[in-house]
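**Student:** Using the sequences and the hints, build the whole thing.
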Amino acid sequence: MSLLKAVLFSVFQLCGGLVAGGILKGMLGYCPGAVGVSRYLTTATGFFIEFFGTLFLVLTVLSTTNSDRKQAPSYLQPFSIGVSIFVLHMFLVPTTGCGLNPARSLVTNIIDNKLNSQFLIYIFGPLLSSAAGGLLYEFIFSPHYHPKNSKADRPVVYVNNDEALE
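Under our numbering, think of the first position of the sequence shown as 1, with each following residue one higher.
Because the hints were derived from the structure by calculation, they are not lab data.
Some clues are possibly wrong.
[Unchecked claim] Restricting the straight-line Cα-Cα distance to at most 25 Å, the calculated cross-link-like pairs of lysine to any residue (SDA-like) are: (1) K25 / L14; (2) K25 / L136; (3) K5 / T60; (4) K25 / S10; (5) K5 / L120; (6) K25 / H89; (7) K114 / M27; (8) K25 / L115; (9) K25 / R104; (10) K114 / L28; (11) K114 / H89.
**Tutor:** Below, the structure written as structure tokens:
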């Protein structure tokens, strides 16, 4: 994905969330889903909870949708991702409200006017975690599925036009 597409995707996701949040506030009188760190946790703890929660989700999505793995049928991919989101909500909602997506966290808190000093963890935690998860998967987990030194990858050298040396 190009940088322009990524920026446009993010802007349109925020705009769509603002419209949906405005509709919910008009219908219900408030916007459900506003996030905040539990009063028993520090801001740093909330950041690490959001960071590792998003990392868990990113690694689950990348490993589940990797076609090189060939471990589970493709119809089980949404189930695996759904189970990981369910588990994340079980643990993150009581502690941080389970932001995971900066657009969702930002929109609900803007509509309900609940932005505070701890809000940056819901932006930087998932963004840094997504970058770290992509790099971690690409360089640590993904090479495991690409066999090295297979015969197809080795060059063939021909000597005297008759013999092939491998």
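**Student:** If a hint holds in the structure, say so; if it doesn't, say that too.
**Tutor:** Outcome of the hint check:
| no. | hint | verdict |
| --- | --- | --- |
| 1 | K25 / L14 | holds, 16 Å |
| 2 | K25 / L136 | violated, 39 Å |
| 3 | K5 / T60 | holds, 24 Å |
| 4 | K25 / S10 | holds, 22 Å |
| 5 | K5 / L120 | holds, 24 Å |
| 6 | K25 / H89 | holds, 23 Å |
| 7 | K114 / M27 | holds, 19 Å |
| 8 | K25 / L115 | holds, 16 Å |
| 9 | K25 / R104 | holds, 15 Å |
| 10 | K114 / L28 | holds, 17 Å |
| 11 | K114 / H89 | holds, 21 Å |
Violated hint for the displayed structure: number 2, the only one.
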